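Residue numbers (our numbering), protein chains in the order written: chain U, 1 to 305; chain L, 306 to 665; chain R, 666 to 1025; chain G, 1026 to 1412; chain A, 1413 to 1715.
Simulated from the structure, these hints should not be mistaken for laboratory data.
Quantities reported herein were computed from a predicted structural model and do not represent experimental measurements.
For each residue, glycine too, the CB sits at the ideal point set by N, CA and C.
Warning: the hint list may mix true and false statements.
Stated by the list, open to error - With the Cβ distance kept under 8 Å, some of the chain A side facing chain G (calculated, not the full set):
id	residue
1	1490
2	1564
3	1651
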Amino acid sequence: MSTLTTGLSAARPALPSRARRRRTTTPARWGLYAFLLGAAAFFLLPLYVMLITSVKPMEEIRLGNLFSLPVKMTLEPWAVAWAGACTGLQCEGIRGGFVNSLLIVVPSTAVSIFLGALNGYALSFWRPRGGQWLFGVLLLGAFVPYQVIMFPLVRAFAALSLFGTLPGIVLIHTVFGMPVMTLLFRNYYASIPAELFKAARIDGGGFWRIFLQLMLPMSLPIIVVAVIMQVTGIWNDFILGLVFAGRDHLPMTVQLNNVINTTTGERLYNVNMAATLLTSLVPLVIYLVSGRWFVRGIAAGAVKG
Amino acid sequence: MSSVSIHALNIRLGAAPILESLDLQVREGEFLVLLGPSGCGKSTLLHSIAGLLDVDEGRIEIGGNDVTWADPKDRGIGMVFQSYALYPTLNVERNLSFGLRIAGVERHEIQRRVQRAASMLQLDSLLDRKPSQLSGGQRQRVAIGRALVRQAQVFLFDEPLSNLDAKLRAELRRELKQLHCELGSTMIYVTHDQVEAMTLASRIAVMRAGRIQQIGTPSQVYDTPANLFVAGFLGSPSMNFIDGELGPRTDDQVSFIAHRLQVPLGLYPFLQCPQPGRKVVLGVRPEHLTLQPPGEASGHGTVTLVEPMGSHAIVWLDDHGRRLAVQAPAGQEPAPGAKVAFHLDPARVSLFDHATQQRL
Amino acid sequence: MSSVSIHALNIRLGAAPILESLDLQVREGEFLVLLGPSGCGKSTLLHSIAGLLDVDEGRIEIGGNDVTWADPKDRGIGMVFQSYALYPTLNVERNLSFGLRIAGVERHEIQRRVQRAASMLQLDSLLDRKPSQLSGGQRQRVAIGRALVRQAQVFLFDEPLSNLDAKLRAELRRELKQLHCELGSTMIYVTHDQVEAMTLASRIAVMRAGRIQQIGTPSQVYDTPANLFVAGFLGSPSMNFIDGELGPRTDDQVSFIAHRLQVPLGLYPFLQCPQPGRKVVLGVRPEHLTLQPPGEASGHGTVTLVEPMGSHAIVWLDDHGRRLAVQAPAGQEPAPGAKVAFHLDPARVSLFDHATQQRL
Amino acid sequence: QTRAEVIHWWTSGGESAAVKELAAAYKAAGGTWVDSAVAGGESARAAAINRIVGGNPSTAAQFNTSKQFHDVIDAGLLNHVDDVAQKNHWDKLLPAPILNSIKVKGHYYAVPVNVHMPAWFWYSKTAFDMAGIKEEPKTAEQLFAALDKLKAAGVVPLAFGGQPWQEKLTFDALLAHLGGADLYLKVYRDRDQKAIQSEAFKQVLLSFKRLKAYVDGGAAGRNWNDATSMVIAGKAGVQIMGDWAKGEFQAARQTAGKEFGCFPGLGPRSPYIIAGDVFVFPKTSDPNAIKAQHLLAATITAPAAQVAFSNRKGSIPIRTDVDASAMDVCAQQGLQVMKDASRHLPNPEMLVSPDIAGVLQDIITKYWNTQQPVDEVVKAIGAAVKG
Amino acid sequence: MNRTRRRPVRLHRWAAYTAMLPMAATVLLAYVGTVAWSVRVSMSSSRSLPVDDFVGLAQYSRLFGSDRWLLSLENVALFGVLFIGACLVLGFLLAVCIDQQVAGEGALRTVFLYPYAMSFVATGLIWQWMLNPELGLQASVRSLGFEHFHFDWIVSQDKVMYAVVLAAVWQASGLVMALMLAGLRGIDDSLWKAARLDGIPTWRVYLNIVLPLLGPSIATAVVLLSVSVVKVFDVVVAMTQGGPGVASEVPAKFIMDHLFGRSNIGLASAASTVLLLTVLALLAPWLYARQRAARREAPGGAR
Ligand SMILES: Nc1ncnc2c1ncn2[C@@H]1O[C@H](COP(=O)(O)OP(=O)(O)OP(=O)(O)O)[C@@H](O)[C@H]1O
Ligand SMILES: Nc1ncnc2c1ncn2[C@@H]1O[C@H](COP(=O)(O)OP(=O)(O)OP(=O)(O)O)[C@@H](O)[C@H]1O
Ligand SMILES: [Mg+2]
Ligand SMILES: [Mg+2]
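Just chain U, with the same shape it has in the complex (with noise of 0.2 Å):
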């Protein structure tokens, strides 16, 4: 830990970078790096056991060496789980979910991410009368498992008819994603100096005009965090997919589901991580590219004091 603080002191964020290229060499600095390869190590075993398991066959996985290097390296798995593996009648692989995944993530996201943001915006700055208890009780409902209250909410989607539809899937995701996006974005807003709201409002700025043109633009950050969140949780949704969006909409998760869960039936463990990676690979292009919207300073020039 003493290498690791000493290694913060002398590296900071806005350091003038030619002054960084002189201090890359500084023990400091290495301590840094040490901590974040260790920490790398320390996220990507997993990752590695994964990925050298998936192309193993299965011969090798059951001698149980889980660390060795595949004998016989076969890209097999992956085939087999992205177009072959079965997932009931269809031997299809994990493909069959992929555009339904889409259609679902895409518009979720973004209506409860609206919707987070809309709900956190009117909580910090326009602080309606009752909505910080309205607010304390959607945070309660965060913590509810979902599956208890399962039969209500299929009784009432069925009774609008958004069982079983797009827009039911939609709804659901957004409903049970608003809690935290409201928090998120709340939380975020309150890091925001008061008076550029105040200047806004002297500007004639309604509602929705300083939620649109100044609160969004300033909430990039903070919309990458949520973006996370929800692209990951609502692409690795598995419950809610299968019992809302009907048959014709089944996301990837549950052929993923389908590969890889098994009572009695064998387990191709290859198959499994290959698939497992797959489906994956969406949030972790989402987390790559999203780097580049994490910006510093949104707020700097904003305020003088």
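Guided by the hints, dock chains L, R, G and A with the ligands onto chain U, whose structure is given.
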């Protein structure tokens, strides 16, 4: 073109009362300058007029309408925030035009007004910078510009020129005055700059700790301050105060008597009958003390410090423990250590009660 | 107690060059005031001295050591940021003492210094407020305090008093001067207030667009500005400029000749031999124009505007299309519209080449 | 148009192949099989029930042959298939335990698909050879002796997955094979406190715990197929597991009788625990759907479909009047046993509600993993079966 | 008292109220309504399907008579403390380190985040393998010659929860990192300048200034993590199935087991009601305190 009137306004922030039953009438088209020490509540007052703070008690009227609880955008107000509060994600042009776009002003009208404000504020070359890429003074100018492009009924300026250089400040002062004449808007303007206050104000209101101490034309406030605080607050260097008492009435006139100093008060316009023997404070501004040949002298002192100011110099005298500032024309300053005589213009003094600190 | 010297400093922000091969020598214990129009690069210069900005080219030395790439904390610098940069989560007391605590200064020494700074800055009653609960001026004072509690070799002040009222400003000015004498630190001080510049500075440096135009004592800079820009920049209202040319040499002296105006230049200390017929600009400050009885007049004009300033008034004259500002003692101002004569003090004028704008 | 949407949890390769047989048979009978596979019994059942609640039920849904779907029957949400059952004489055809499960108040609410026997013994021939074990153990003593020999030979005697359901399954196997069918039924069916407090039952519990000594240190949490892999690799001697384990051996290209051996219990009279899967038919009044349901019930139970399905699935048919020649050694052995109705033993889930079954599982797993005294366990089981 | 007079309802808030309608509807219908329903179910004898008889608090008394439930509560408390603590610390450190303009920031961020993208059904298995003493790390290290290396948390009754925490932290700390990173990036650069000038070591700035400034982000993270603590299920099922024995049982697993496998939604509803009440008891004082603090900081509801 609306009057602003404030009745018995109370505002607390946290537990502390910031404004206490404050009354203020600003006439239509008036240019009111608010003066007061740092932290006295000027910004708070502006924010409450703009509707950005909830009023605890009292009433605010703009143009005769009670707007105490009205929405900021319905008050027809343009405001320059002390902290600028620029929109960080919008460039300068957008910052300036934001309000106009909202109001649905026509595109080329927007362009015209933004152009005008930008050139007045010398921001033309910075229009597509983000606030974070501007210098302090440039940010302040954007803040001013954002208010100016609006054709508001009432403008609130919170130290709008404080971070600008003197030259630009002088230019903008002139532009603001002109704008005021053109638009006829009511303006409430906080500043710490005496020149601004004197040149811009139709009236000056002096605040202290959430209360208004005096309100009047610049010369009223400067020449006949209502109390010791106002007298001491305006003017730089500040008025010289001399403790003493009123002497007995002789030749149908009273004099001010202090240690080694006597000032005849025959010309002094007393507000109430002077009571001889009363403890009073006499105030006289540095420019009403002149360094003179010993013949006509009111007193004598030793020069302790000379501060050249360019156009003039401030000479600090020690008159037996009394410290006096005297304004002398540049180039005619005595050297430190010199013994000099000074003359005090009896027609320009102010007298205050020692106990109540009010003007006599 | 360290000199600061800057050699051929180049700094760019974004694509634009902000400082261009700037040289500056600040002597040990000197109080250098930096003046310049908004956006000319003053803050940039201070930031680069403090080591907060990447230097593109050039060298910075403090106390003789090359610190171009040294860490800010190793430069022995105290700084007041134009934007204050207070620690928002710490209260005032902590804001002031944070640096000292880290430096491991003794507990009661910290307390002493914080106490001293707080009482000097009149922050005593605000010590446990968070910055968000302070007024603009109070925040600025905290920013000053944070620099002052450090006993730095070099202090950098970026418009430290801009948001304070005149009275407090005058007091703090005095305190700063005193502190400077006590500590003997080198101070570099950005301000837009001429009084501050004149009273505080050992020397004044005037900047424009990233370059230093003139550096000298206050009176040098004020009385003998090196070029038109400096001449026009200092003084409020600004120097009057009159276009004209040098007349032929008569009686061993040249005169300045302009439309309806002739000024003998016998006393003018030319820097180079005057060439008759050369196009020049004559500069004269408002305080060197006096309104006089017509007998001794240099010229005549019509009063267009009178700006009372309390201690004096500025009278704006129109002299056949020439606009002149004249400083008149308060109470002796003519009325607008009056025709008056004025006298120009030939000993106090400045002459500039029309083409190069440099002083002759 | 007889279109049947079927929710089931058969998603792995072998299971898919088995479902295909059903689908093919259904298609041959003139229906259209619409497949809704959801892996995991709990998920699949949850999906089925939610679809029912949401008013959009599937035509059929898989459950285990047990009391799992009795609540749904009670709520009146299932159609019965009495017509089919009567026409095909299910009463005579089906083993009693299965009938007990699907027949409620005289109506047939489900169609059985297969029979699984959850308590087979699988052993590695190499390991047995190495340990010098000549023949399959026929008694409890022989079993423990064999385990001891295996241990001495340096292999893991018992391949074991330390998951609650596997522990419970092992316990049930011991109860049936060591305690006997009588004790088993007294405990689970009659919930006879005396039987539970009996010395015999206690001995079963103790024998069960004795097994722990033959288990390796990494057993906790292990999946059953990983345990099977140990047998396949010869790292372990025996595994007690359902007949589905056969699939693993097959996948590893091992054949029964050659690389590995199987026996359904200790000795020639050992009981045969019957488990398996059924399809239920969510309530609908749509005549087409009802037709589809009936057709499904009829095709599934047909002998050809049964054999085809079971061969793929690793289970055995629900009826014994089928041609067993195409089946593997273990399956044939199972089918042979099935012919003797006296050896039929219902699995515990057919005898107690899922809730009680769960509590029993908790008790057993706790007993297995902690130092709990056996008397306490007896007491806990006694309390649990009371409900 | 000068605050007694009620502020008139202002027209401009209508937009705000309208915008909150979806939230209000969600709260009332999707949460309050359904939770009320499940409380009702918890007082019935419902098994696979809800029935509306009334059995009073029978399910609750059964719940608290269950060793497994009580153990679950203990486990989740331990899990919660360790998991939240570790995630916050690790997430914060990672965010801080990544924020030092390190090379390969994007890759590192993805490395720390990827576990979050993976379904735990598979990664849980990997962890199970890796932690398995016969198969995973212990065996590997021993085979390298360290015969006495001991790492068998997952099969130990006492330590299995730590193993679960380990895997859960592995999964969730990346998200905390992202949250903190968003917060860090919002901090005004001039603060850093001031601190560097004051000669404050960077770690002190992080500790004394940045950390408090990240208060809202941390609050968000704590709530997020708490939600996942209360709902922790996948990790346990994938890694240990609640075992060895019942040593790693958690409330959510108890609820799911009874909801599905054991067909006792009455008991499951009772359990989730108890959980919810516990959360309420923990959350309410915090929310209340925050609200009061907010009122104090923004007096009169500055707007
Ligand atoms: N990030 C940036 N990118 C481009 N230009 C910048 C950036 N930051 C500042 N500038 C420009 O650099 C110039 C110098 O800025 P600086 O802050 O040093 O001015 P200053 O002399 O302190 O002005 P002021 O008196 O207004 O504070 C300004 O013209 C400004 O617009
Ligand atoms: N949130 C708060 N809680 C408590 N007191 C506050 C709060 N905000 C401001 N104050 C106090 O209210 C008083 C008035 O502040 P205000 O900003 O109106 O002063 P000001 O006259 O504008 O001063 P300045 O000239 O320094 O800008 C100050 O003394 C300040 O300390
Ligand atoms: Mg203010
Ligand atoms: Mg600046």
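Against the structure, the hints:
no.: 1; hint: 1490; in the structure: violated (18 Å)
no.: 2; hint: 1564; in the structure: holds (7 Å)
no.: 3; hint: 1651; in the structure: holds (6 Å)
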